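Novice: Read off the chains here:
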Amino acid sequence: MREQFFPAFDWHTVFIQPWSEYAVNSFWIVLMGFLVAGTCGLVGCFVILRRMALVGDAISHSILPGITLAFLITNSRDTLPMMLGAVVAGVVTVALIEAIRYTSRIKPDAAIGIVFSSLFAIGVILISVFADEVDLDAECVLYGELGFIPLQDIAYFGEIVIGPEPIVRMAIITLIAIVLLFAFFKEMIVTSFDSGLAASLGINPTRYQYGLTLFLSIVIVSSFESVGVVLVIAMIIFPGATALMLTDRLPIALVLSTVISGAYSLIGFHLATWLNASIAGGMTVIAGIVFGIVWAFAPQRGLIATFVRNRQIMEGSALNFSREEK
Amino acid sequence: MKCPRSALFFLTLLTMASISCSPTSNDSNDERIKAVATTTFVADLVRSILGDDGEVRGLMGPGVDPHLYKATAGDVNQLQSADVIFYNGLHLEGRMTEVLVRLGRQGTPVYAITESVPESRLLEPAEFAGHYDPHVWFDPDLWIHCVDTVVSALSKVDPSRAGTYENRGTDLVSRLTELKRWGDEYAQQIPRKQRILVTSHDAYNYFGQAFDFQVIGVQGISTVSEAGLADIVKVSKFIRENGIKAIFVESSVSPATIERISADSGVSIGGELFSDALGEPGHMETGPDDSSYDVGTYEGMFRHNMTTIVEALK
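Chains as they are written, first to last, in my numbering: chain Y, 585 to 910; chain B, 106 to 419.
Mixed in with the good hints, there may be bad ones.
[Stated by the list, open to error] Away from chain Y, derived, C-beta distances all over 12 Å, residues of chain B: (1) Arg152; (2) Thr177; (3) Ser186; (4) His236; (5) Val278; (6) Asp307.
[Unchecked claim] Facing chain Y, from chain B, some residues (calculated, C-beta under 8 Å): (7) Asn182; (8) His196; (9) Arg207.
Rather than coming from a laboratory, the hints here were simulated on the basis of the structure. Bear in mind the structure is a predicted one, so any value in this text is a computation, not a measurement. Backbone N, C-alpha and C define an ideal beta-carbon position, used for all residues, glycine too.
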């Protein structure tokens, strides 16, 4: 017989031990989870509004020709050439998606499908023609692992220990995202909701769209490199989608998505500790559960609130109707 | 209305968080060596040398493709508190290798068990020198070299038991030599012309070299790229032309391609071979000579593969 499906829940090993004996590891993992989820979430709010939510999934496939070409050129499976290949492929992906979208009638979802499946197919062909005898796939040459963050090289500032290098890199990207957000907030909002209005205000919507997606492709690829693929794809969608269920105001949604990201990271880490499972997996499961709860119970948009409101409207109109009858 | 809703929200989280809690702690501060190994093959090898003098934790589970391994929250802590770490090497662990090498630099003894296999015996693709095939475990002779790495590594970590490790190593080497001899003899039942092994991916090149089989992996060496249509047609044709009796699926790779070829060419599927991971520990099988073996161990895995291949092709 296999052991029972869920391991027994033990308060000490799930909550106390991670923050006493293994506190440093836990801190870096939860912080990294939060940085990735938070950054992807901030960018994700805009990405969702622009109907590009699946761009993370798209890039995870379309980097294949990039890493294959990088391997064929350098004959090395080291992370640096793989990363460069992946960044170039990621940028090409979003540039092509935008180009198709703005120069044809194709909608963004279809454009994403067209671009990533063609690029992925090119990668598969390149591998079968040139590199069939070498084990070459993104999973093993590029993707990092959130669980291993505490074991990465430690970055120093002079003599002072800052933290594992991937966290420092991610924190810099987070900072850039926040600065860009503040600098171009008005333009981003206007172009997200009403490109006609944007154009009449003298804001070129295409330029911001390209800017956003180029930045996004860099965020995505560097997150793949440090924490793996599942978490990034999920975090582009979940924090934004959940926050946008709770509020109609974008600035509040941005703040909410950040708070929610912190909750994913912390609760997901403990879930993974309990189940002795992948931490990225734990975070994503929590993201799904939180979305489910918000979907049902959100004050304005939730299933229950909508149901109650519809009944009130119906009762109200019935009332009006009976009044008119009298 | 706002209050009860958020109360409900937190109530749900609280109940989730405290379904049951029982404070226990098993602080076993024993002196036994804590070894961590990556794949099931490596873990099994270390276990046979370490015996009861230590505890071996394998990171990757039975039947799991090493590509699909995801680190759990506990794995980091295990790696950090390990007295010694063993991995396969030759890029089998992909990017995880970087993490292991880094741990080695920080002071934990870390060994790639394939490091003592002579380079001349490693297979590399003609056009990509240096990117060696990592599946050395299918040749017991090469696996014997890996035993040496483990014995000398453990003797360095725990010099007081060096003699014991040495003895277990010698014992294991003689068992592996016997296994190779058994395999050689058993394979004689297949006429040389019929020694053609068709499987899903290129995992059996060392096996083919050791036991004189021609090996055809339909998917190439990576388990991610799928077989091309042309590959399937080519292999089907090859099977018919050479009158091959059976082809094989692998335990950690999807059987779809092989099933397709079987349907196309009418050849039967000879059984399931272990490729990148051992079987479930404690799962016993009985060979044609009535000897029984545990497919969760190296020797059991080898006997299973050899028996499956010979019985289907002879």
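Novice: Does each hint fit the structure? Answer for all of them.
Specialist: Against the structure, the hints:
1. Arg152: Arg152/B clear of chain Y: closest Cβ-Cβ about 19 Å, beyond 12 Å.
2. Thr177: Given that some Cβ of chain Y is not farther than 12 Å from that of Thr177/B, nearest at about 5 Å, it is violated.
3. Ser186: 9 Å, violated
4. His236: Its Cβ does come within 12 Å of chain Y, the nearest being 5 Å, so this is violated.
5. Val278: Holds, because the least Cβ-Cβ distance between Val278/B and chain Y comes to about 29 Å, which exceeds 12 Å.
6. Asp307: 7 Å, violated
7. Asn182: With a minimum Cβ separation of about 5 Å from chain Y (threshold 8 Å), the hint on Asn182/B holds.
8. His196: 7 Å, holds
9. Arg207: Result: holds, 6 Å to nearest chain Y Cβ.
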